[in-house]
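Visitor: Residues per chain are reported as follows:
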Amino acid sequence: MARNLVGFLVLVLAISICEAASIFQPISESHRSAALELFTPTDGSFGSLEETYEALRTFGILGIQKKPHIGTGSCQSVSETLGSSSSTTKDLFFALKVNSILECKIDEAIFQEITSRLKAVVNDGNSLLDFYYSISSLALIKDQNSKVDVLLGDADGIFRSIKALSQSDGRWRYSSSNPESSTYAAGLALEALAGVMSLASSEIDHSLIDTLKNDIVKLFDSIEKYDDGSFYFDEKLVDAREHHGPLSTTSAVIRGLTAFASLTSGTITLSGNKILGLAKFFLGIGIPGNSKDFFNQIDSLACLESNRISVPLILSLPATVLSLTKKDQLKVKVNTVLGSSAPPLTVKLMQAFISGSKDSSVIESQELGFDPENAVHILDVLPKSVDVGNYIFVFEIVLHDSVDKKIYTTGGQTQVPLFVTGVVKIDNAEIAVLDSDLGSIETQKKIDLAGETSVSLSANHLQKLRLSFQLTTPRGKFFKPHQVFLKLRHETEVEHIFVVGNSGKQFEIILDFLGLVEKFFYLSGRYDIQLTVGDAVMENSILRAVGHVELDLPEAPEKAPRPPARPVDPYSRYGPKAEITHIFRAPEKRPPKELSLAFLGLTLLPFVGFFIGLLRIGVNLKNFPTLAVPATFAILFHLGIAAVILLYVLFWLKWDLFTTLKTLGFLGAFLMFVGHRTLSHLASTSAKLKST
Amino acid sequence: MPKLALFLILIHFLPFLCTSFSPENPSSRRVLVLLDDLALKSSHSVYFKSLQSRGFELDFKLADDPKIGLQRYGQYLYDGLILFCPTTERFGGSIDLAAILDFVDSGHDLIIAADNNASDLIREIATECGVDFDEDPAAMVIDHTSYAVSETEGDHTLIASDDFIKSNVLLGSEKIEAPVLFQGIGHSLSPANSLVLKVLSASPSAYSANPKSKLSSPPSLTGSAISLVSILQARNNARILISGSLVMFSNRFFRSGVQKAGTPTKHEKSGNEQFLTELSKWVFHERGHLKAVNIQHHKDGEADEPSMYRINDDLVYSVEIYEWSGRSWEPYVADDVQVQFYMMSPYVLKNLSTDKKGRYFTAFKVPDVYGVFQFKVEYQRLGYTSLSLSKQIPVRPYRHNEYERFIPAAYPYYGAAFSMMAGFFIFTAVHLYNK
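In order, the protein sequences belong to chains A and B.
Using the UniProt record's numbering, the first residue of the first sequence is number 1, and each one after it goes up by one.
Using the UniProt record's numbering, the first residue of the second sequence is number 1, and each one after it goes up by one.
Rather than coming from a laboratory, the hints here were simulated on the basis of the structure.
Among these hints, one or two may not hold up.
[Unchecked claim] Now the stretches of chain A that chain B is said to cover, found in silico as 3 or more residues with beta-carbon under 8 Å:
| id | segment |
| --- | --- |
| 1 | 285-296 |
| 2 | 494-504 |
| 3 | 564-570 |
| 4 | 576-589 |
| 5 | 608-619 |
| 6 | 640-647 |
Backbone N, C-alpha and C define an ideal beta-carbon position, used for all residues, glycine too.
Start from the sequences and build out the full structure, keeping to the hints where you can.
Guide: This is the structure in structure tokens:
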């Protein structure tokens, strides 16, 4: 849990910039608009009566007129809850609370019946929650209906039985059988006891009240503290049945304490600082995001606003950034926690010192003037001794009326961090290229850092670059800003940053390129020069491109470090790629069809010539066999040759090799046979001729 | 006893309750929120409420709660994790650095918010995501020229930045008018990591240093190299958001007005709510999550997918791409989806045309190179989940009978051969029977 608190502390600290002190703003308009946002009824009601009460109470405290309209529906559920015999004391309690705001019409008989039921619970109750809900309900009935007799006969006895649950350290147990003590329960117990006191028919024993006061003081000993001066209560045990965070615990204690304090005559000795610290705790939260926390915050602040112990006054500054050049006035507001006006008082500026050096005070004890129209305390002109810088101003509130001093608590001195800003003058800005060995100036140029400048220089690795300028505050003093950077950026986006140092009254940097060659990765070329001068209190912080220098550096040796990889531009990395179309192989070049046909004709010419030649020689077929059998064979032989040739034509036209070869096989065998018969017949014929 | 029985029954349903995150339904549903302090729940409630109103179940736990765990019985209990616990040195329960990395490695989403004084643990998680926070624990991002003008905050650590990444899928189609308020630590991105992106960068005059001490050496982070908010989309499409500021998620910053120094316009409301809500939509996969279905290819004029193509075939390729809108799959409309016909290197790379109803198609001729090709769609766009589709298909050359049969240029050869044959036929008759 302690770790969680550290976390919470970090959050609170992060929310309010702080060094030694923080400023707490009282409840303002932003809370009102947030309240309307958080408490929005659905279908005209807020769900449970508890939520309805929280919403109505918050609107009431903040004085919000434009409430969402929820009257009739809520009144109905109030009277239903009160009329029903099965509702628990907790239900009755919240119904009565809602009724106390809405003032619905409830029969007196119902009140009578509830009262008798509640009294029975009170008389034989043994757990703290029973006591709390029933007594608080009775107290509410007392306010709402004067005719019902709600007074408790044995007030002392009930007081004692509640008191019996208390522990020695000021905390309480929920019931006698539960040994764990809780701070939240202490808050409830105090409220219940305050109820008992208001309902008592006779005066409560004074010794009882005195021991209770001691208990309260003991309870406040266990209060916890943040560094910024705010106090809060926290539950020690984490594993309780119903865990309450610091916010609801603190708020329960405050409710109990203020209820009790409003009924006791004597004083309760609590330091005003703690009450103020509690107020600061609630204000430091800002605007909580859930309705329960919001209600707890506003309700507790309302309790603190009107409590009888001491009413905290909050000192706040509308602006903690003051401009010397605009002659801003130092304004201080003092309000109660809910933002209403404070009694007549004077705000004293006790001291002001530069943050970090407490001894050198620039202002000593000055009273602020009061502007009754805007209800602000004003220091008209900042004294001459206040220059730009971070200051801590120490204020004290002095109440005019001595009676008020008893009612209000101001928390002594309040420390507020202030930023005094101004326009810083930039003078004598110069940029020069120096020769290394002689120190003589080769080129020197004046630059105007307030306006646009663009110098172009060139240098080699044996030379130096010098940049110098002066800064003076509005009060004419030498000014040292937080950020004085000289940046050299190469074309390849490699950057080098140098902090410009100050020597006496002037800022000066000398870049000896010979020593920087390695750092520059031996990259020659154009370097853009950029100067950044900035500070939190400097109103004219600048980021200026001064110009560029053309550097001529030696070639990189082999082992020189390489410049770092450039970050890839996300936009180019994800873009679509260029389209690729396949380049098809070009088809082979062919002669035109006419040319092929012409050559076809040419190739047919020898055949024609051969045919004509045969006719011219006068061929005949007289040797053809005349006998029937050889003639048949001869015809078959020549038909066979014709068939083979036809086969080749068919092969060309459509057949494939396999069909062709198969057919050729058959034809071949046939041809061999008939060819042999034909040729042998022809041979025998010619042999006969020769022999004859 | 009945309680035990009920518990046992519920335990059996646990895996079913927790498998809501699936490729068909990619939005994270159950989100574990780890806090340093439960007060954050109310101080940052607007952000949480915007998540809850979009249907996320947020489970708030203290970071050092001894009972927390990301998985049980090998099943992840959550789909997303929000770490709003910058100061936590050690998580409670079974969560540690390795458990968070495993969580991301299994495709779950993560939001990390750091702050100044961020613990080593949070820094280590960020480093694993390719983000290096400034090592100086007291350093904050300071900007003396583009700070948010404020009456009460004068140290210029409250920055108004409007240097957003230009991407509709990350930041929504509506332009963010008001600058975003930032107060916290800066980080740099590792140049070697190509998955991590700067979403909100600092201005050129920004630097990261301790505002309370004098600077003697140049700060390690300067200028627009400083990233204020970064995102990462892992290769498994797990998404991570890393911010250097926790307070930028708070109600106070969401509601606060903003005026950037040097500009006259004062915005009623900072851009934080819009910026962070839109980014959370992206992180939890309500935007930019694509799926591709129904990948088809066939020859022009046919309907069925062939087992292989022949060179020089005309083919038609189509794919349907849908984007998850948080509730349903909507057609994805873009003009830069490309298909590659790929064998060792792309032979064809073509933009796909779309019918604006999710279907992307194109037609092209198969190259005259045979081999085993792939149809590849490598769709990687800023902010979108990457689509990587590939489908293998062989391409064969012409068969012997698929070539051209009668070439006119060869007619003289045919003519010569056939006239020769005719001559031979005549010659045989003449030679045998001439007298």
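Visitor: If a hint holds in the structure, say so; if it doesn't, say that too.
Guide: Verification of the hints:
1. 285-296: Since 7 is at least three, the answer is holds.
2. 494-504: holds (count 4)
3. 564-570: Coverage by chain B holds here, the residue count being 6 at a Cβ distance below 8 Å.
4. 576-589: holds (count 9)
5. 608-619: This one holds; 4 residues, not fewer than the three required, reach chain B with a Cβ under 8 Å.
6. 640-647: The restraint on the segment 640-647 of chain A holds, since 3 of its residues have a Cβ under 8 Å from chain B and three suffice.
Violated hints are absent here; each numbered hint is respected by the structure.
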